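Student: Sequence:
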Amino acid sequence: MTTINVVKAQDLPLSEVLELYRAVDWLAYTEDPDNLVRALKGSSTLVAAHDGQTLVGLVRVISDGASICYLQDILVRPSHHRRGIGRALAERALGEYPNVRQKVLITDNEPKQKAFYEALGYTQAEEFQGGLVRAFIRFD
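If you use my numbering, the sequence shown corresponds to residues 1083 to 1222, in order.
Some hints here could point you the wrong way.
[Unchecked claim] Keeping only pairs whose Cα atoms sit at most 30 Å apart, straight-line, the calculated DSBU-like set for lysine-lysine is:
| # | residue 1 | residue 2 |
| --- | --- | --- |
| 1 | K1123 | K1090 |
| 2 | K1185 | K1090 |
| 3 | K1196 | K1090 |
| 4 | K1196 | K1185 |
By construction, these hints were calculated from the structure, which means they are not laboratory data. Treat the numbers as computed from the prediction; the structure is a model and nothing was measured.
Given only the sequences and the hints, what does the whole structure look like? Please build it.
Tutor: Below is the structure:
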């Protein structure tokens, strides 16, 4: 049975987190473990999914708690895809921010990801029907 809980960075053994990131091929994170630790500690909310003792999913949120929250690093071990874990992680994490109006994320351009995020109520900026919006991004 999978359990979904809000956790603190220090509650997640780095070796398990690195194994999860490797499982989804997010190697930019695994190549600099110290930076990943800083990212986890700097997150406003971390939600983890465990199958027994195994970390099978994780989501990070960065937020001011008032006007915006950014859904970041939502990942589920491939062996556990299609079980509702990603949805449960996102809903539990975003549930911490019921009064925050802007909920933002940036993701790869893959059809499965688009469908997943649309199922969570997200809309691509150019498809947003609530008025004209622009999304800008800068990677350094």
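Student: Taking the hints in turn, state whether each one holds.
Tutor: Results for each hint:
{"no.": "1", "hint": "K1123 to K1090", "result": "holds (8 Å)"}
{"no.": "2", "hint": "K1185 to K1090", "result": "holds (21 Å)"}
{"no.": "3", "hint": "K1196 to K1090", "result": "holds (29 Å)"}
{"no.": "4", "hint": "K1196 to K1185", "result": "holds (15 Å)"}
Checked against the numbered hints above, the structure violates none of them.
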